[in-house]
Each structure stands twice: as structure tokens, then as C-alpha cells.
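With the hints as constraints, model all of the structure from the sequences given.
The lines below spell out each chain.
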Amino acid sequence: MARKEDVIKIFPQSIRNLFGQGEWNLDELQEIRLRVNAPLLIVYQNKEFYVSKKGKISRTEENAFVVTKNEIRETMEYVSSYSMYAYEEEIRQGFLTIQGGHRVGLAGKIIMEQDSIKSMKYISFINIRLSHQIKGCANSVMPYIRQENGIYHTLIISPPRRGKTTLLRDVIRQLSDGDKKHRGMTVGVVDERSEIGACYMGIPQNELGIRTDILDCCPKVQGMLMLIRTMSPEVIAVDEIGSREDMEAMIYVMNCGCKLIATIHGSSIEDIRRKPILQKLLQERIFERYIVMNSQEQIGKIAEIFDCQGNPLYNRMEVTMC
Amino acid sequence: MLIRVLGIVVVLLASCGLGFRISYELIDRIEDLQQIKRVLIMLRGEIKYANTPLTEALSTIAFRVPIPWTDFLKEIAETMDACDGSTFPSIFQKAQKKYLDRTSLLPKDLSRFSDFGANLGYLDKEMQLGSIDLYLEELEAEMKDAKEKVEKNSKVYRIMGMAVGVLILLVIL
Chain A
1 MARKEDVIKI
11 FPQSIRNLFG
21 QGEWNLDELQ
31 EIRLRVNAPL
41 LIVYQNKEFY
51 VSKKGKISRT
61 EENAFVVTKN
71 EIRETMEYVS
81 SYSMYAYEEE
91 IRQGFLTIQG
101 GHRVGLAGKI
111 IMEQDSIKSM
121 KYISFINIRL
131 SHQIKGCANS
141 VMPYIRQENG
151 IYHTLIISPP
161 RRGKTTLLRD
171 VIRQLSDGDK
181 KHRGMTVGVV
191 DERSEIGACY
201 MGIPQNELGI
211 RTDILDCCPK
221 VQGMLMLIRT
231 MSPEVIAVDE
241 IGSREDMEAM
251 IYVMNCGCKL
261 IATIHGSSIE
271 DIRRKPILQK
281 LLQERIFERY
291 IVMNSQEQIG
301 KIAEIFDCQG
311 NPLYNRMEVT
321 MC
Chain B
1 MLIRVLGIVV
11 VLLASCGLGF
21 RISYELIDRI
31 EDLQQIKRVL
41 IMLRGEIKYA
51 NTPLTEALST
61 IAFRVPIPWT
71 DFLKEIAETM
81 DACDGSTFPS
91 IFQKAQKKYL
101 DRTSLLPKDL
111 SRFSDFGANL
121 GYLDKEMQLG
131 SIDLYLEELE
141 AEMKDAKEKV
151 EKNSKVYRIM
161 GMAVGVLILL
171 VIL
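Those protein sequences? They're chains A and B, same order as listed. Going by this note's numbering, the residue at position 9 of the first sequence is 9; the numbering climbs one at a time, nothing skipped. Going by this note's numbering, the residue at position 59 of the second sequence is 59; the numbering climbs one at a time, nothing skipped.
Hints in this document: simulated from the structure, not taken from any laboratory. C-beta: ideal position from N, C-alpha, C; glycine also. Where hints are given, some of them may not hold.
Unchecked claim - Some residues of chain A that are not near chain B, with every Cβ distance over 12 Å (derived):
#, residue
1, Asp27
2, Asn37
3, Val43
4, Gly94
5, Ala107
6, Tyr152
7, His153
8, Asp177
9, Asp179
10, Ile210
11, Asp216
12, Ser268
13, Arg274
14, Tyr314
As the list claims (entries may be wrong) - Derived pair list, reagent style EDC-like, types lysine to aspartate or glutamate, alpha-carbon separation capped at 20 Å:
#, chain 1, residue 1, chain 2, residue 2
15, A, Lys280, A, Glu240
16, A, Lys121, B, Asp124
17, A, Lys69, B, Asp124
18, B, Lys48, B, Glu126
19, A, Lys275, A, Glu288
20, A, Lys9, B, Asp84
21, A, Lys9, B, Glu75
Laid out in C-alpha cells, this is it:
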């Protein structure tokens, strides 16, 4: 119920009415897309639908509800709690996180200052990605990550929108809380895009465990070093690594005795091997476990797990998250 | 005879009271303008130094101002928090009508304050601060003008009140 209300209250009355009339289950809603003078689109049960003026979902554009400029403006007012000035930094980055951990992506006219983005105006495109926390979705991979008295340095490889952040979130939660057989570990999370913890006013909206410290909206490189200096974590978790600076910071973290869990965009180990910056990861055997998520089948399925030498530990293990 | 004396006293008290009331209205208006200024300065600080969203900023300021300002700010913050689908200008205007109409502010002061409220929140930081600064300058000028009026007219209203009372008595008697 709270989840439904968190989402509904960011829309103007006209769109709220659609959600009120709709007979579909908001818990299975994944995305809502608003574009000026274009139909309201939703991603529901992994498929895209139009929403009719009567709040019914349909695969055809006929009678679709069309979003107006005013509705986008009002949505922005509610998303920012009537305080656009307070979210300038987030708007500059193109997204903000609302109560409930849902992510609101924005697009419009970019204002440049010298070579960097100063601001965004005429926001005309809004994409609301509903936060999904699936507790227990990492149950099947935990035995491959854990070792006696600790864990392995682990890299989760996945194409976009296949559930890597959801998996990482549950891995963090399970490591932090511990269980009957394993003690809980202090986990530091550098949440650059506020996706893992989905902090709203400093409070994580997703459950990341009782021993987890989060640096919200912090660049990965600075964040990893800060956590080492300030929070003495046993494990550091980061999402979507990729730059040379990220690699250097990760090696520093590992040399400090911390274990690292990271995610990266890719479809397979070979895919990672082809990227010049990432080759080093494999050559120097920086990570001890590679979890590859399936790029074709249902979201959240694990395709393979490898050790540091690239030997398969598991193949086509099916872990359904959604 | 006693009734006549009582009547004279009542008429004199009423007319003097009216004169004093009008003169105090002028002073109270300055107090109310001063109160708007205080709210704006605090809001300015919250926006400039802490980037605080309006809901939080108004709730914080509500604890530092007297009634009816505290109720006015609390009501805005609570309605915003409820996110009932109202626009900010309408929330601001409703609360203003409910709590500030009984202050000594003139209709032109209330109208200017309402215009300021309509622009709150949707502007970027620079423009938001600019809008507050502009209103502060206007308030300063308005207060200066009001103070001059008090100095000039306050005594006149009191004496006029008394004189009107005496005049009424002369006509009746």
C-alpha cells in the first residue's frame, strides 16, 4: 500500500485518477514513462502498455491517455516536493530518488557551462523506474561468494535491466545481516546513482542490512577511499564500474584488505575481455568470482559462475528473481 | 443626571478608542511586515546555505515565529507533505486566507505576499534567492513608508478620535 501511495502521489490529479481506476496490480509495475504530447506508457509484467483515458492498459494506442506539458510540470513539482532549487544537483545529473526508493529519470534541454552540464530546463520527458527489492534473490549465489571466514572478491556481469543491481542489493543485505552459519560483515556501499540503497533524505528505502554504511550520490572512486578511511568496512560494494579510475580505486581497496563486490555491464566474460580497460581485471585475476547474468531469458536468471581462472563453477543455474 | 454623565463618558471612550485603534493598526502593520521579513530571511538562509526543500524549511521556520505565522507555515508544510494534488500557489493562498487575513496587513501587502508565494519552489536556486531579495527590498521600502505614516498620522488619529467624540457630544447636548 505504501509503495502504491509513494508512486501515485507524484502525479497530477488527472494521472492519479487513471491509477485509481486501473484494475492492474501496481506491485507488478516496473516503469512509467511520461513524454509531452505523447501517450502515457507503462512497463507492466515486463511488457510495454498504453494506458487508456479510463485507466485500462492496452497494447494499442487507441484511446490512449496523452500527457500534457502542464502535467509534466506538475509532476516535477510533486517529485521535487515543490522545491526544484533543492534538487538542482540531481536534476543536473538527470535523475532523482523519491520516497520509496523509486528513481525518476529526466530529460529536457541541457544548459551547458563551458564543458560541463550546468542545468536542465524544459523538462519534457520523465521516466519513473519503480524500485524492486527482492529479498532472497541472492540465496543461490551466496554459497559461491562466501568462503570460510569471509567472502571472495566478486564481479557481477550483466546487460542493462537484467537485475544486477537487485542481485547486488540482496547480496549486500545477506552479507551484512549474516545468518546462523555466517557472521554478519560490515559493508560499505558507494551508491553513486542512489540505486542500491535508494536513500531518500538520507534514509535507505531498501533494506541493505544492519551492518551497512552508505555513501549516497558519491562518486565511486572518492567514495571507496573515503569508506576505507572512515568506516573500516570488511566489504565494499559498488555498482556499474567501468573507468580506469574505478579499476585503480578497486585495486587500492583490495590491497587494504577489504573484499569487493561490484557489478559491470556486459553479456559474458569474453565481452569484458574485449574491453581494453577491463582486460586487466581478468589478466591479473583481480576478482575471484564472476557471476554472469542471462541476457536473453527472463530477468534475474544467472547464466554462469566462474572462479578467478575462468573455470566454470556453475552453468545455467536458474535463479528466478521476478 | 448620572445617565447623562455615563453617556458622555461612553461616547468619549468610544471615539478615543477608535482613534487609538486606527493609530495602533498602523503600528501593527509594521510589526506584520517585519514578521514577513523575518520569515523571508530565515527562508533565504535555509535555501542558500542548506538547500533545504520547502516542506522542511517551512516546518523549521514555523517553530521560530509567533501565532498566526506559525500556524500559517505549519499548514503549508503539512498540506505539501500530504501531496493531495494541489499546486503550491493554491496551498499558499488557502493558508494565507485562513491565517493572515486577520492580521493588520493591508490588501496590497497580502496580494504582494501571495504573488511571492506563487513563485516559490518552481524557480532555480539563483532565481529563488533573487526573488526573495527583491521582495525584501520592497518590504524595506514599504516599512519605511509605513513608519513615516505612523509618525505623521498616529497623533492625528488619536486627536481626531477625541475631537469627533467631543463634536458628537456638542451636537447631542
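Hints and how they fare:
1. Every CB of chain B lies more than 12 Å from the CB of aspartate 27(A), the least distance being 20 Å, so the non-interface label holds.
2. For asparagine 37(A), the shortest C-beta to C-beta distance to chain B comes to about 21 Å, beyond the 12 Å cut-off, and the non-interface label holds.
3. Every C-beta of chain B lies more than 12 Å from that of valine 43(A), the closest at about 24 Å, which supports listing it as non-interface.
4. Distance check for glycine 94(A) against chain B: the nearest CB is about 16 Å away, which clears 12 Å, and the non-interface claim stands.
5. Distance check for alanine 107(A) against chain B: the nearest CB is about 17 Å away, which clears 12 Å, and the non-interface claim stands.
6. The claim that tyrosine 152(A) is not at the interface with chain B holds, since no C-beta of that chain comes within 12 Å of its own (minimum 41 Å).
7. Separation of histidine 153(A) from chain B is adequate, the least Cβ-Cβ distance of about 37 Å exceeding the 12 Å criterion.
8. For aspartate 177(A), the condition that its CB be more than 12 Å from all CB atoms of chain B holds, with the nearest at approximately 31 Å.
9. For aspartate 179(A), the non-interface assignment is confirmed: its Cβ lies about 38 Å from the closest Cβ of chain B, beyond the 12 Å cut-off.
10. No Cβ of chain B comes within 12 Å of the Cβ of isoleucine 210(A); the nearest lies about 27 Å off, and the non-interface call holds.
11. Its beta-carbon lying about 14 Å from the closest one in chain B, aspartate 216(A) satisfies the requirement of being farther than 12 Å from that chain.
12. At roughly 43 Å, the least C-beta separation between serine 268(A) and chain B is larger than 12 Å, which holds for a residue marked as non-interface.
13. Residue-level check passed: arginine 274(A) sits 43 Å from the nearest beta carbon of chain B, beyond 12 Å.
14. A cut-off of 12 Å between C-beta atoms confirms that tyrosine 314(A) is not in contact with chain B; the least separation is 46 Å.
15. Note on lysine 280(A) and glutamate 240(A): the hinted pairing holds, with a Cα-Cα distance of about 17 Å set against a maximum of 20 Å.
16. Under the criterion of a C-alpha separation no larger than 20 Å, the hint pairing lysine 121(A) with aspartate 124(B) is consistent with the structure, at around 10 Å.
17. The hinted pair formed by lysine 69(A) and aspartate 124(B) meets the criterion: a straight-line CA distance of about 19 Å does not exceed 20 Å.
18. The hinted pair formed by lysine 48(B) and glutamate 126(B) meets the criterion: a straight-line CA distance of about 9 Å does not exceed 20 Å.
19. A hinted pair counts as satisfied when its Cα atoms are at most 20 Å apart, and lysine 275(A) with glutamate 288(A) qualifies at roughly 19 Å.
20. Taking the CA atoms of lysine 9(A) and aspartate 84(B), the gap is about 7 Å. The hint holds against a cut of 20 Å.
21. Distance hint between lysine 9(A) and glutamate 75(B) is fulfilled; the C-alpha atoms sit about 18 Å from each other, no more than 20 Å.
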